[in-house]
Amino acid sequence: MSDILQVRGLTKRFGGLAAVNDVDFDVREGGISGLIGPNGAGKTTIFNLITGVYKVSSGTVSFGGRDITDLEPHRIAGLGVTRTFQNIRLFKNLTVFENVLTACHASASYGLADSLLRLPRFRREEKAIMDKADGLLEILGLSDRKDAIANGLPYGLQRRLEITRALALDPKLLLLDEPAAGMNPDETEQLMRLIGEIRDRFKLSVLVIEHHMDLVMGLCERIVVLNFGQKLADGVPDAIRGDQRVVEAYLGGGDK
Amino acid sequence: MSSYIEGILMLSGINLIAVLGLSLLTGFAGLFSFGHAGFMAIGAYSAAVCTKLLGLPFVAAIAAAALVAAGVSWLIGRATLKLKGDYFCIATLGFGEAIRLILDNFQGLGGARGWPGIPPRTTLLNILILDVIGVVLLANLVRSRHGRNMIAVREEELAAKVAGIDTFRYKMLALVISAAYAGVAGALLGHYMTFIQPKMFSMVKSTELTIIVIFGGLGSISGSVLGAVVLTFLPELLRAVDKWRLVVYGLAVIGIMIGRPRGLMGGFELTPKSIRAHFARRREERAIKAGRAAEDGDEALSGEADGKGGL
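These protein sequence lines map, in sequence, to chains P and V. My numbering numbers the first residue of the first sequence as 1 and each following residue consecutively. My numbering numbers the first residue of the second sequence as 1 and each following residue consecutively.
FYI, nobody ran anything at the bench for these hints, they're computed from the structure. In this text the structure is predicted, and so the values were computed from the model without any measurement. Cβ atoms here follow ideal geometry from the backbone N, Cα and C, with glycine treated the same way.
Straight-line Cα separation of at most 25 Å, DMTMM-like style, residue types lysine to aspartate or glutamate; simulated pairs:
| no. | chain 1 | residue 1 | chain 2 | residue 2 |
| --- | --- | --- | --- | --- |
| 1 | V | K273 | P | D131 |
| 2 | V | K273 | P | D134 |
| 3 | P | K172 | V | D166 |
| 4 | P | K203 | P | D234 |
| 5 | V | K273 | P | D144 |
| 6 | V | K82 | P | E72 |
| 7 | P | K132 | V | D166 |
| 8 | V | K84 | P | E72 |
| 9 | P | K55 | V | E157 |
| 10 | P | K55 | V | D86 |
| 11 | P | K127 | V | D166 |
| 12 | V | K84 | V | D166 |
Listed below are several chain V residues computed to face chain P (Cβ distance under 8 Å; list not exhaustive):
| no. | residue |
| --- | --- |
| 13 | L137 |
| 14 | L141 |
| 15 | R148 |
| 16 | I151 |
| 17 | A152 |
| 18 | V162 |
| 19 | A163 |
| 20 | G164 |
| 21 | I165 |
Start from the sequences and build out the full structure, keeping to the hints where you can.
Right, dumping it as structure tokens:
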């Protein structure tokens, strides 16, 4: 199995503070990897660096063998890296269907003139992406909420919609930022199953940031542990569980 | 039809075109502009140059007005669209005033005293034709992937970016198209008044356009149409109260915005489909209330029942 994402020497400095400092890790193709660490360890910053939301201070990110370090976010998304956000970012005033349909834009290629004049190409492609959006909602179990306004959905479904919207771009790598935040154990359990199903069904790789240790340990095949912006450990769940430094970082250990 | 009423109709039709453009930028792409009168001025002067100095047909003058305004907006956009929300708004304000001051001091086109003798080519008919074209093109645009991408920028720019939307490109597209609409409106205005003066395109005009868009409801084309007609007619109806006219106008706008913060039509679109849906709902409600006396206090047209947002 090869690596779909390679992060090398990744560093992000905000003024004098290195939020992420010289981090290396890989995400295996077709795998589910976890990124864990205490609050402020730099996990979300790494997501922002991978997806181009922040500019990298130094180091490289390559995706599928291609250097994506300095690309614009929309270009990175176009290549097949999509994500969800820790604090859900939906198109709040649009319906569930519109949220997903909007993200299907890349599956259509009709131009401005096709839109303005409603040319046959517009009709054909628009029909295709509407079917695609319907199909995704069906798979993710959101069909019956199709016309609901995104903002009014229960929290768990908003998270699910955000994942659906990310899938509309046919990603090869899906980054999930604390997908289980605020969920009860039951919902977390359900989410774990969903993430596994999505990986198998859409043949993609997943990198997930998570605080729920059960979820991470049960779901991820490999785990990267961060602390104070640096990589602490990297390996299979059992190795991480037994790692003294990781236990210290989480539970508070000896002096630093 | 009296020529007075016809005149107001023409003015509201002209305003409508500028408002439609601004509606795309503000209501759909979420960018506020306080300089759109600047694009109208560019359109008005370019079109006047075409007909008065170059002797070109009116159609060509209108096309030129749209193109020149769009071209200038592209340059402005390159310089300012990277700015975040409020800063972009300030930049457009500066732009609008800059255009007016440049024209004030450019004697070749009449300077501050204005430029008379523009051929009267604008008629109610060609305004109506352009209004219809303007509405149809805009409606087609906002219900396409391009329009949805603009709406995504308005709703949540960061999410739009990571959903693969080139937000800069779509903001630019919205700006350029809205400037072209404003340019056409300017061309029509100049050839209706037969006289143009930089003062006509001051910040007051820009603000008026923005007020109409917000009054009609952000993200609603039918709201913009309604807003343009109502707010062009209102000051005329209020001539009866003489010098209190603009005060009453202001109060009316404030009253509406307090009563309906999302504007007259906020997020709701008046289409054959939505009207049918509205009546279907009312029929259901009536069936439920069957036992009691029928209540129909509300205006059927108001779309009151549908307060939720949408495309």
